[in-house]
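Fit chain B to the known structure of chain A by using the hints.
Residue numbers (the working numbering), protein chains in the order written: chain A, 1 to 489; chain B, 1 to 304.
Rather than coming from a laboratory, the hints here were simulated on the basis of the structure.
A hint or two may mislead.
Derived CB-CB ranges, DEER-like [to be verified]:
hint : chain 1 : residue 1 : chain 2 : residue 2 : range
1    : B       : LYS5      : A       : LEU14     : 17 to 25 Å
2    : A       : SER106    : B       : GLN193    : 29 to 37 Å
3    : A       : PHE234    : B       : LYS46     : 39 to 47 Å
4    : B       : GLN193    : A       : HIS442    : 43 to 51 Å
5    : B       : ASP279    : A       : PHE234    : 48 to 56 Å
6    : A       : VAL43     : B       : LYS223    : 30 to 38 Å
7    : B       : ASP299    : A       : VAL43     : 38 to 46 Å
8    : A       : ILE2      : B       : ASP299    : 50 to 58 Å
9    : B       : GLU224    : A       : THR463    : 24 to 32 Å
10   : B       : ALA210    : A       : SER106    : 26 to 34 Å
Computed list of lysine-lysine pairs in BS3-like fashion (alpha-carbon distance at most 25 Å, straight line) [as the list claims (entries may be wrong)]:
hint : chain 1 : residue 1 : chain 2 : residue 2
11   : A       : LYS187    : B       : LYS173
12   : A       : LYS187    : A       : LYS460
13   : B       : LYS223    : B       : LYS46
14   : B       : LYS5      : A       : LYS460
15   : A       : LYS305    : A       : LYS352
Idealized CB from N, CA, C, for every residue including glycine.
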Amino acid sequence: MIFNSIQFLVFFVLVTTLYYVLPYRYRWPMLLAASCWFYMAFVPVYILILAFTIGVDYAAGILIEGTTGKTRKRWLIGSIVANVGVLAIFKYYGFLTDNWEGLMHSFGFVGYSVPDLGIILPIGLSFHTFQSLSYTIEVYRGNQKAERHLGIFSLYVMFYPQLVAGPIERPNNLLRQLHLEFDFDYKTVASGLRLMAWGFFKKLVIADRVSAMVNHVYDNPEAHNGPALILATFFFAIQIYCDFSGYSDIALGTARVLGIDLMRNFRTPYSSTNISEFWRRWHISLSSWFRDYVYISLGGNRVVKWRWYYNLMITFLLSGLWHGANWTYIIWGGLHGFYLVFAVVTADARGKLGAALGLGRAPWLNMALQTMTTFVLVCFAWIFFRADTVGNAWYVATHLFTNPVGFFTSDALSFWSPLLGAAANEMYVALLGIAIMEVVQHMHARRPMTLRLEAWSPMKRYTVYMGIIAFVVFLGSYYHTAQFIYFQF
Amino acid sequence: MGVRKLLLRIVLICTPFALVFGVVVVVDPYNYFNWCHLVPDEVKLKNLNHDGRTMAFSNLMWKMKEYRRAAVPNVLIGDSRLSYFDLPHLEEVTGAEWYNFGVPGGNHRTAADVFGFIDSIAAPKRVWLQVSFRNMAMGQDYDLYSEPFAVEGTPGLYVSNRRVLAATALALKAQWSPESVRYDELAADHWQQVIAKETAAAANFKIDTAFYPRLQAIADKCKEQGTELVFIEWPGYRTLQAIRSRAGLDALREQYHERMSAIARYIDMDVPDNSFSADSSNYRDPLHLTVVAQRKLIDAVMAR
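With the rest of the complex left out, here is chain A (with noise of 0.2 Å):
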């Protein structure tokens, strides 16, 4: 069940209502009843790995909490290879075999092959897998109380608005909240509710609508030039980030229906100035689970320099490898690690440039600089993200500036919407929406939505619902993509 569908707006009701209906204790009951019926709308089979994945890390939380030295040691490196153990089979079984096919052939064995176990991805398994993790660590770490309820814990590995793309919760916080007792609160099912059609609007409007124009590039790059790669490439970084970010806000418009808060995902990372605050303000509550266990458990900054680069290069290359079995997510997040090592290494350079170019005397202008160039970064690095094969990002990436003629004519958008292959209404409808979260961003930047809504007059707030649910309705584009894109991880 897809959040972008009739299916999820009827389960939603059903469930909001069920939950405010009935008594406390009868609440977790079904929520994890209707958690399952959410993931089983997918494969239902796959619901048994959850089952795994909850009973070994339930039991591993008992069994860290009761040990000490190395037996509670061993009981946390049960878990994790339990958990990796799942991943690796499902997620990266036919990468692993493909490459070692390939290196066998590369040797001269031709007819080598490996048994194809024919394995569907199970939907969101990185991100669950990743949440139970981060309990058994955290119970390690003595951070987290053991939860002797397991139906609490399941819920907490399941709790369906997160279930399949995150946000990566953390113990402290989710399973904290499903012990508490929340009654109806119109303020918060209101914002709740907000924060979904905000989300919609995202996913909706603009995410689905430059997907197809998107698309139209990347499926056969070398049927394209500069001017439609450039261009492609700018629209797919705009429709990855309402994409999750979209997926986010209805995650944690839903929970705060149900009045659980989740943690906060993004912060509008393309205003960053440099890679390391890209990071800090994109897919949040997955970058700070890779530095507390991975990049602080390897030594963090707190080493000598070349360990410290070779902390940053090994925590991007499994952040890539997380993201997907394929090279180009490896290359994507070893680009990532590259930047943030460069940009230590020329620190130093850099502001002695900044100095002797005066740049420090126009605090705007340098911020503006650097704000360009951590997006053109990063909208270079997601070359490797969206491309289907390695070659096909080399492509993109060594044409980009191929045949420039008429990218910045003053008729521009009639130009550029027949290169994406879309109407030239579709790009202007594109680009309003971008232009209106931009605007909306900015605002809530200086002041949030919620108490900006709350001092305007009723008429003025009902007329921005109706007008961005009238932007959902009539301009929503329901007939391209209807996945997200981080389902698939």
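Just chain B now, with coordinates in the frame of chain A:
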């Protein structure tokens, strides 16, 4: 108290949308629900070709819905060159029922999509697929089908789709104030405009070979289920043939001819130096045939 307040506000927000949806259901510009005929079918049919921007969606939407309601065993698939096609004449000379799935602005991708749609309802007996060398160009793979297809299968999308809303408004306007509706008319220099456009297209022509496997897939499917498939190339005006030659595309055209012949039975009428192409009275513009000319071709080719 809070629950009541929330429900009241949700109702307040939803009411205008419900009203709009209601109007669409009642006017029903594409006979989707087909139970209210407040606006007569003649008006709706005329509106399908209201302007160049909306023709493709409107024609596909109407035809898909109509075909789903009453599928026929023989179909014509193609682009705007099947507009103004004399279907009754074809039915008379062949003695069979036909459906014209000509989509203005359609391409080979549209043809493949439409074939898939038809085949998903029932395997057709005969398919005459109008193909075209000019439609083999790179960039001619734009998607006209996904939107009407999604809308066709989902009533919720139908009542909220903005093209359907625009068609609803047009239907109301055409019914109550027909003099205020302007339909696209051919410009005085339309003939010259087509020539100029085709000259530019020929100069930049690069063949997209990805269309061949798509057409091959149709042929395979037809073979598998015993459907008679014919590719037919309508004759363009001789100036267009000369433009193609001047652009150095004759060799490519010849290869295309061979590939198409290898895929299915291929009737290529767009050959240079024939008397039909030389007669401008056969054409509405250099690309599109008149009804009378189409009748001649029906008698000459399809009636056999």
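Right, here's what the structure says about each hint:
no.: 1; hint: LYS5(B) <-> LEU14(A): 17 to 25 Å; result: holds, 21 Å
no.: 2; hint: SER106(A) <-> GLN193(B): 29 to 37 Å; result: violated, 57 Å
no.: 3; hint: PHE234(A) <-> LYS46(B): 39 to 47 Å; result: holds, 42 Å
no.: 4; hint: GLN193(B) <-> HIS442(A): 43 to 51 Å; result: holds, 45 Å
no.: 5; hint: ASP279(B) <-> PHE234(A): 48 to 56 Å; result: holds, 50 Å
no.: 6; hint: VAL43(A) <-> LYS223(B): 30 to 38 Å; result: holds, 35 Å
no.: 7; hint: ASP299(B) <-> VAL43(A): 38 to 46 Å; result: violated, 56 Å
no.: 8; hint: ILE2(A) <-> ASP299(B): 50 to 58 Å; result: holds, 53 Å
no.: 9; hint: GLU224(B) <-> THR463(A): 24 to 32 Å; result: violated, 57 Å
no.: 10; hint: ALA210(B) <-> SER106(A): 26 to 34 Å; result: holds, 30 Å
no.: 11; hint: LYS187(A) <-> LYS173(B); result: violated, 43 Å
no.: 12; hint: LYS187(A) <-> LYS460(A); result: holds, 18 Å
no.: 13; hint: LYS223(B) <-> LYS46(B); result: violated, 37 Å
no.: 14; hint: LYS5(B) <-> LYS460(A); result: holds, 18 Å
no.: 15; hint: LYS305(A) <-> LYS352(A); result: holds, 21 Å
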